Amino acid sequence: MSLNVSNLTVHHGAICAVNQVSLAVPTGGLAAIIGSNGAGKTTLLRALSGLNKPTSGVVNWMGQTITAEKPEKLVRMGISHVSEGKSVIPELTVRENLELGAIWRKDGKEMKESLSQVIEIFPRLGERISQRSDSLSGGERQMLAIGRAIMSKPKLLLLDEPSLGLAPLVVEQIFQTIRDLTTQMRLTVVLVEQNAMGALKIADLGIVLNLGKVVAVDHAQALIQDPAVRAAYLGY
Amino acid sequence: MHKSKKQSTHLPLFILVGVVLFILSNFIEELRVSQGTTIAVYVIAISSIILLTGYSGQVSLGHGALMAIGAYAAAVLRLEFNLPIILCFVAAVLAAAIGGLLLGMAAARLSGPYLAGTTLALAIGLPSLANQFPILGGEQGREFKVGPPDFEPEVVAAAEPLTFFGNVLSILDKLQTTLATGAWPGASPMSTYKWWFWIAALAALISMWTVRNILNSAYGRSWRAGRGNEVAAQLAGINTARSKVLAFTISAGIAGLAGALLAMSIGTVSPSAFPLALSFSLLTGAVLAGITTLGGVIIGSVILVAIPEIADVVAHRLGSSESVTTNLPGLIVSGLLILTVLFVPNGPVEQHRARKAKHEAAHSSTKK
Amino acid sequence: MQLLNTLLIGITAGSIYSLMAIAFVLVWRSTRVVNFAQAGMALLSTYFGYEAVSRLGSFWIALPVAMIGGAIFAALVELILMRLLVKHASSGPIAGVAPIIATLGLLGVIKSVVTMIWGGQDLRIVAPISNNGFTINGETLVFSPLKLLVLVVVMVLLIMLSILFQKTNLGLALRASAHAPEIARLSGVRVDAVRTLGWALAGAAGAVAGLFQTVNGNGNFSPDSIEFSLLLVSGFIAAVIGGLDSLLGAVLGGLFLGISISFVLMYVSSGLFFIAPFVILLIVLFVRPQGIIGVKAGRRA
Ligand SMILES: Nc1ncnc2c1ncn2[C@@H]1O[C@H](COP(=O)(O)OP(=O)(O)OP(=O)(O)O)[C@@H](O)[C@H]1O
Ligand SMILES: [Mg+2]
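Protein sequence lines correspond, in order, to chains H, D and U. Numbers given in my numbering equal positions in the first sequence, counted from 1, plus 531. Numbers given in my numbering equal positions in the second sequence, counted from 1, plus 1280. Numbers given in my numbering equal positions in the third sequence, counted from 1, plus 3.
Since the hints were made in silico from the structure, they are not lab data. All values derive from a computational prediction rather than experimental measurement. Check each hint, because a few of them may be wrong.
No more than 25 angstroms apart at the CA atoms, straight line, and that leaves these computed lysine-lysine pairs for PhoX-like [to be verified]: (1) H:Lys-584 with U:Lys-90; (2) U:Lys-90 with H:Lys-637; (3) U:Lys-90 with H:Lys-601; (4) H:Lys-684 with H:Lys-643; (5) U:Lys-170 with D:Lys-1638; (6) U:Lys-170 with D:Lys-1636.
Quick look at which bits of chain U chain H covers, simulated, 3 or more residues with Cβ under 8 angstroms [what the hints assert, rightly or not]: (7) 7-16; (8) 165-176.
Note that beta-carbon positions come from the ideal geometry of N, C-alpha and C, so glycine has one too.
Work the whole structure out from these sequences, hints included.
Structure below.
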């Protein structure tokens, strides 16, 4: 197991958003976290990447305890987080957004390699490389956000609702890309999604979160078959 | 029940304080009396800032300039048209309020640092206008003499029938005469300082009372709503722009009164009486008072007046050089400003209240 | 000739305002604070420069000394005061005004301490070259070699700054942290350190503005010099004209302000020296509330 979370609790002031959550994701595994609005998915992910400070519990990554480490340090340990909403910086160009992802890597040559790799994955970004990123479409922005994360050479990728606000066709593309990336680059991925069906289809592992608690963990395929999950999250 | 309590105006309390001050003023040294005048001026000026910053959430670094407008209006009307003193004060309020209205209209489109910077530019720019118009008397300024009725009987007599304020003055006057003729053994003799103190203290009481009631009125509530969340306030049907301009206007009027009183206590109006440092001091006073606690103004004002004395003592103890001594008050004011913002950001009164509330909450939860 | 003269004087003064405006913008971008102590920092740096000139005798050593001194001081202010401020006063009714009040307090502290150390009297920094105007066709301009020098140095600094911001990783980190601190952190930028760096750069820019404002005037300065109040107000106004978030805007705002003031003084009345900036600011706010470059949300943010 490369990512191990045990009894993690996170508060926003008095609100307990994540309550005693434990989960484990093996290296190269893709875990989908689903749950309704306000279930605590974003909070959990932000705690993993260091943006939110947990109240208690332990996060372990590749044998190291990383609870309450700062995000800028975790990036250097291979953890990249694409936050909720299209997390690109509109004031910067596409190239600058991508370069930002590799900014902590001192080696200029490596940066160039990563850049051409990202453009290979998302050719659309290559075509728009010197445009300001606020001129991109929603789907392109999501690609850019993921591209930026890849520029950091991650081993663990945390994705928060990459399908948010995208047309069904684009959603499918994005999910497919995520699946491919996981396999090709041997990434470990934690994917938070409202689009439960889409996420579970590509995932290895499914985790259902409700009111801050894990209410179901299973193989993704098994969860899709689970009548209770179907009724509550898949809508049939 | 609760509502009626909130709406009480505390008039008897204010009158009681007035009477106590009046009696006190007859038994303390002249120096303290004149410090009392300064405190009263600060009380007025700081309450205008509390109304503006604490309640409507707008920052002004230009209140020194607004005070100057009031002071010049009063002095010029006095010198050029020989208007009764009481009318000069009224004019000071109106003139500054008009200035505040204009500034407030510009301000309503701005917020936070933009507003602060704009009013800062005004505070630096406006006093220099005194050199542009001969009627304002350039750098030396113009004199503004307000003496007790003995010196200028006709003026007060003319003012008497005009207003409630005039009546109060004449009552005070009569009281004083009985006191001065020995009806009250031990009272100090009449002096200009005492007269100034009475005027300033009376004005301070009236202003505080007015501000208090404005803050508890529907306007006060709409300001607080707008400060908390402008969008929500707009949705609730409050015209936030208009309510901000109104706050600016009222606050400026009160500052104008303070300006005229300040000029009275100096005897002249000149640009140097309203430096940028004055605006800063007022802000310090308001922060020391607790930016949302009107009652705290007394604390803020007393501290501002006491600082030079404290600085003197400290400098003396340290046996420091002259340049240190003269700059110590400024250092203390500024240092206090920073420390207060950092460590008692919402003022001593509010801090105490919050701590008490927390304590009580802790208590009730352990009981549960 | 008169026209050219007025224009050149305006551009020189404006380039100094630009530097000050850049200082405001750098601080605003890194911590969302308008630093009213900026003038105090410029004053302090000018005293550093004065010490360097009087000890080492060269203006060209004094300039970097003042810049480094100003940068270090500004960095310390960010590290100590601003971080405490974020920790203690970021909620409640005071939150919106706390940074304004704190930086004003700092302005007062700097002024008092500077006066305690160096005294309130005028000190003098001698300009490195002549401030006697150029003579063209027998006519002497107000525009002088010194003013030309000021202009050139400011332009060189601006170009260096723009290279830093546009072409280097550090510049990318500075811009990313300004616009989206969270994304910057997730990309591995040490945003806290970048903030401190933003303040330091501002401190250096302010130091140059302070020194040049002094030598571009009559060379005399004191803690109460109106020059520094003017620098504060003009720098702020120039930054606002430029939209407060844009470095290019700050430069254009400074030049615009300098030229406007120069024309007002020449063709309207020289007594309007202090009120002119205020009036120009009001006009700009009413006509173009988003500033020259600024975008939509700006002023109410
Ligand atoms: N910054 C915050 N301050 C206070 N409460 C917060 C904050 N962020 C989230 N919460 C609360 O924490 C709980 C969990 O929120 P979170 O954003 O983690 O849910 P989510 O599962 O990501 O929801 P969604 O699917 O809508 O994105 C919610 O009740 C929310 O109101
Ligand atoms: Mg979420």
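Checking against the hints above, which ones are violated? Checked against the structure, the hints that fail are numbers 2, 5, 6, 7, while the rest are satisfied.
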